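Number of protein chains: 4
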Amino acid sequence: MKALVYHGPRKVTVDTVPDAKIERPTDAVIKLTATNICGSDLHMYEGRTSVEKGTVFGHENMGEVVEVGEAVTAVKKGDHVVLPFNIACGFCENCERGFTGFCLTCAPKGSAGAAYGYADMGPYRGGQAEYLRVPYADFNCLVLPDDADEKDRDYVMLSDIFPTGWHATRLAGLSPGDSVVIYGAGPVGLMAAMSARIQGASRIFVIDHKEDRLALAEKIGAIPVDSSDGTEVKQILDHTHGLGADCGCECVGYQCHNSHGKEVPNLTMNALVETVKPTGLIGCVGVFVPKDPKAEDALAKKGEIAFDFGKFWSKGMRLGTGQANVKAYNRKLRDLIHWGRANPSIIVSHELPLDQAPDAYKHFDLRDDGWTKVVLRPAA
Amino acid sequence: MKALVYHGPRKVTVDTVPDAKIERPTDAVIKLTATNICGSDLHMYEGRTSVEKGTVFGHENMGEVVEVGEAVTAVKKGDHVVLPFNIACGFCENCERGFTGFCLTCAPKGSAGAAYGYADMGPYRGGQAEYLRVPYADFNCLVLPDDADEKDRDYVMLSDIFPTGWHATRLAGLSPGDSVVIYGAGPVGLMAAMSARIQGASRIFVIDHKEDRLALAEKIGAIPVDSSDGTEVKQILDHTHGLGADCGCECVGYQCHNSHGKEVPNLTMNALVETVKPTGLIGCVGVFVPKDPKAEDALAKKGEIAFDFGKFWSKGMRLGTGQANVKAYNRKLRDLIHWGRANPSIIVSHELPLDQAPDAYKHFDLRDDGWTKVVLRPAA
Amino acid sequence: MKALVYHGPRKVTVDTVPDAKIERPTDAVIKLTATNICGSDLHMYEGRTSVEKGTVFGHENMGEVVEVGEAVTAVKKGDHVVLPFNIACGFCENCERGFTGFCLTCAPKGSAGAAYGYADMGPYRGGQAEYLRVPYADFNCLVLPDDADEKDRDYVMLSDIFPTGWHATRLAGLSPGDSVVIYGAGPVGLMAAMSARIQGASRIFVIDHKEDRLALAEKIGAIPVDSSDGTEVKQILDHTHGLGADCGCECVGYQCHNSHGKEVPNLTMNALVETVKPTGLIGCVGVFVPKDPKAEDALAKKGEIAFDFGKFWSKGMRLGTGQANVKAYNRKLRDLIHWGRANPSIIVSHELPLDQAPDAYKHFDLRDDGWTKVVLRPAA
Amino acid sequence: MKALVYHGPRKVTVDTVPDAKIERPTDAVIKLTATNICGSDLHMYEGRTSVEKGTVFGHENMGEVVEVGEAVTAVKKGDHVVLPFNIACGFCENCERGFTGFCLTCAPKGSAGAAYGYADMGPYRGGQAEYLRVPYADFNCLVLPDDADEKDRDYVMLSDIFPTGWHATRLAGLSPGDSVVIYGAGPVGLMAAMSARIQGASRIFVIDHKEDRLALAEKIGAIPVDSSDGTEVKQILDHTHGLGADCGCECVGYQCHNSHGKEVPNLTMNALVETVKPTGLIGCVGVFVPKDPKAEDALAKKGEIAFDFGKFWSKGMRLGTGQANVKAYNRKLRDLIHWGRANPSIIVSHELPLDQAPDAYKHFDLRDDGWTKVVLRPAA
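As you go down the protein sequences, you meet chains A, B, C and D in turn.
The first sequence finishes on residue 380 if you use our numbering, and the numbering steps up by one all the way, no holes.
The second sequence finishes on residue 380 if you use our numbering, and the numbering steps up by one all the way, no holes.
The third sequence finishes on residue 380 if you use our numbering, and the numbering steps up by one all the way, no holes.
The fourth sequence finishes on residue 380 if you use our numbering, and the numbering steps up by one all the way, no holes.
In case anyone wonders, no lab produced these hints; they're calculated from the structure.
These numbers come from a predicted model, not from an experiment.
Glycine residues also receive a C-beta, built at the ideal position from the N, C-alpha and C atoms.
Only true hints are included.
Label-pair distances were calculated between CB atoms; the ranges are:
1. Gly-221(A) to Gly-98(C): 22 to 32 Å
2. Glu-351(C) to Glu-70(B): 39 to 49 Å
3. Lys-262(C) to Asp-369(D): 44 to 54 Å
BS3-like mimics (lysine-lysine), calculated; alpha carbons at most 25 Å apart, straight line:
4. Lys-234(D) to Lys-301(C)
5. Lys-302(D) to Lys-301(C)
6. Lys-234(B) to Lys-291(A)
7. Lys-262(A) to Lys-294(A)
8. Lys-291(D) to Lys-311(C)
9. Lys-311(C) to Lys-294(D)
10. Lys-77(B) to Lys-109(C)
11. Lys-294(C) to Lys-11(C)
Not close to chain A: a few residues of chain D, all C-beta gaps over 10 Å, as computed:
12. Asp-15
13. Gly-78
14. Gly-122
15. Arg-153
16. Lys-210
17. Gly-221
18. Thr-240
19. Asp-359
20. Asp-368
21. Ala-379
Next up, chain A with everything else stripped away, as it sits in the complex (with noise of 0.2 Å):
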């Protein structure tokens, strides 16, 4: 079957892998239908993780269920299914809490958490490929209704941005009537903004800096805040009289610039710590890594950043991080888009078959004006 494979930094190309089958007994092999490249793959495709050459990418998966094995029940040949990007096995420690994105069973021995065709989250094979075989299959397979043809640039984003933006505002602790700032408006952030309408917020301020990202922002509701002349912590302050917004969503990660192009690690957090206010929460879904070796900050090479802890402190913050339990939001964001109440497809700028996969990253990852998100078509 064909695939997208890294093989060094800023290379990947569309090859013949051998095929997706079913391995063990709770397995099912699913035809892709969609899937899409991921912020967080240009990590990997820069050269800037430890990701081996070879490896094939794509979490962001939905598709048809072509094969089950013999102990599956719950999802049959021919069903419509999306997938979590998080491999999760259902019975472990942290699966049975609700905590799939640190399944201690799939992951890498001595660690939590497992993903398709991701550095350090266990051998999994990605979905950027015509067939995609996905462990205990019962307990991952999103099975679709009838509408899954007509909606499937919404429903494919049940893979993996929806839920993290949504999970932005649940580490946030947003709660109806709220204002809430976010910074970051790609894919994520925006997600999270349509996220916090959805749930209720009075006022969605969004930074980022640029044009079409913030007018998107607004097409979802949000009041955009342009941050390219270093001004978004100003801007904020004056919309809430100087006191912060109530919460805030970090959307953007490690790899922050300022207004002059730099690479500041710290930028977004100290900036929330700023514009939201005294008891606040701040949920930062924006990927920070343990050690950054290439990184120029000598900080961040250590996965440190300068946090501004005594301000945190003062004012009674309160923080959460980490990657989206998928499975803990998909089902009921399903039925928001089943009934008419969600469109995270609005933010889709590019829809392409599996063999232009090459050209999109490179465009993608120069974010180049108007390549906000890119769905792959393998079966196209």
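Model the placement of chains B, C and D on the given structure of chain A, informed by the hints.
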């Protein structure tokens, strides 16, 4: 009346000051029967804060009501009461949500939170004195039951350290059956340990380098972990199959010292990131300050710490901080004392008349062996 | 001043009564600008309660502050404020936990909860009058923003029915994406529907037998379910694959009638047990009374209903009840109105001067078509 | 193999039945080392349910794994495990939210929840036998630590009554410092008392009319309240200044008898409405059934009770019900046993070989003095 007055770094004397009196119809005046010296008094005593000369210290106060303003209805002359160190109005946006440690009415303009006898927390005289004015007495006084005298060394701990230790465990999300690692066996750490025991923790690890404090921790039902050789992280991991405890409490603060006696402000927080398991929560009630110009460390001057954020994020951890909202807990903790389920006085090492307060400050500041907690008796 | 006075079953007149005035230093006096007639006023109007002759009705009040007591600091002359129907002290054991609907200070001795112009809820005159005395004004007044005049038909709903409808959904544990069944499309049921929509419900089923009310429900974004032929349970089950909705709200109360016009007090609760899925919650804000001597049903006389407890238990259901703690919600709901995310005035059918109140009571009591909600204008 | 088989009302014998065996790749087979008789076995034993002749009873099971299906990975031959009485798949909509007592996969079509050896809860043979087939073994087996043998009388209680008693306190929203009233000092009520103690209740009132059970309650740290003269409500109110306890637990169920020996199904629930304070919660784990054709009471036949709903509503109370989701608690309760903080075996009165089960049923059914809890030993 007599009161303990601050005259500069490490210089406090018992002076005669103007009597406390009713200033507003919602006030009460209390005759102090017990008032403690707190570790955070030492921050001011050592001259490390912006506290002004002439300040009367004392925020852990208990006494008998001697007069009430005409608007006061729930408290009357003769009542024995204990006062939260937080001064709160009860009706601002924060108080009405239970965040009485972040009152917007009583705090200095533009900030959140007020306290007795404290730098930057409003113009309220402290209680290391014969009498104390209590604003919003109906809201701030907790009336004590018949055994107020008999158990007054227990009840006085409701003013601060028992609720503060309890707050650490709540911020840490402790559930029955959990293991918890507590950094620091000072009064607050010991109260956190007692709180964890009452809430049904399965194992409570308390880290400190002082033998007498670790002995108290053990008496309370905790497992003492000696950090004097710098191996505390390894010890906790050994106890927990390498995974870490379910949750953690920081009860030390910004003046933390390593095993060589050097101040290392990020030591405790980063050790907790190491020793708490993925998905775990950390509650930080040790004081961290927004700026500390007298610190040696360059980051610390700005109130920043080099926080191991990459690991924290990868483990999907969460963190809560700040001063305890005493009123959120003091009523139920009072009941636990009254019905014989809590005995926070176990940590009291000294009971002294107010006159001996200057000497007590000296010993407590030197962390002299055996000076765990001092109760002053202004009425003695 | 003028006020609406109760003189016996279905007999109310606008009389001259003594002026409202400051009685305690914590009081304010308000000039009413809007005050609604509520469905629970009708319980008294119909003579079915123990309310005494001479009572001034009116617990949904909004106005302008004309005088404050000397202890009042957060509210000042000229402020536009809306008042929770609950009168609460802010400092008793229940208020400090947020249960302001169960205040122990303001309630008659031995009970919990106080209100304006209500049977058995304390000696507080109602606001269907020119002026109103507000106890504990700092705690009870919610100050309104600049658009107080422009949106006053929205803001007045913060006094009771919008928070009460919201409370129904919170007691029901509604989460975004949930389906919810709401029994009753009176003002409270419609506000519950609006609350559910704001909170991101995927489907909102509203049951009633009156066409005009169902039309309003649809306008709010709900699915109307006509119960006039007694098939409402079947309709809900058909909509939900036979499983029932995720949660349910009771917004009718003890005077519920079946499709033949007979009073059947257990009808709504048992229908909700039937139409909510296993593990689901029911929030009941329709009023049920501890005794109802004038009821026909023998159980109802004692305040009992024949509750389908076996099915409720087998399905592992949960149930929350009681009057809304308005202050738990009114601040954020105010923000939602202010920022254009909520428009509770959609249900207002009539705005009338106080003089026409007796006539309005007559129509409202007869459930005349189109008399959904009446706003009285005492200042007009 | 040998197993206890039901042959009609009060007629059980130990028969030879076909061996338990692996039927699906996700199964395990367990050799029973301990299996308890439960109060709800008596509902079937007495012939009051629809249970069929030939049923093997036993849902409180513990044993050693002797064989696993090929899909099973977390459990292996030789492991000592204890099994929740609920049988759950781990991946249905209810299981993934933690409601394993309401599994949709394992339950009979159209219902929610499965169990071993139980009427109407699926075709699963019980464990009062030599061997037991365990479906979805990875999800349902809780592996025990090294002291599995030594503390097996404690660990076997994790199958049902300890988590069920714990569930009562969680449904009741018990917080540390609370007072709680528990109706019933049978095994579940006693476990609720132990749970309340572990969670830091300040006072635990346990109501029963049997002296031996009340003595056990006292040993566990509760205050015994004798209901044999019908004054239990008054006693509780006297203990609580007339207000009632903070929360309540129902641990009796539909066969409740009054002090004259008459079955009064609404007795316990209405007494709890009386003895729990306004705003309090009640957790009901005593079994109530949707219909009970053999009951004397007309409402009871239909599964209804005459519930004091008016008072319940006026007090703003809340209520949670249903079977415990054992997996929500058993892991942490296991840890509490392992680390010496819980000793549920305190209630064991008899340990008997399987052969003596018929005789044990007889005594237990007669509520003979001293027959508190029977552990059967099939391997003995």
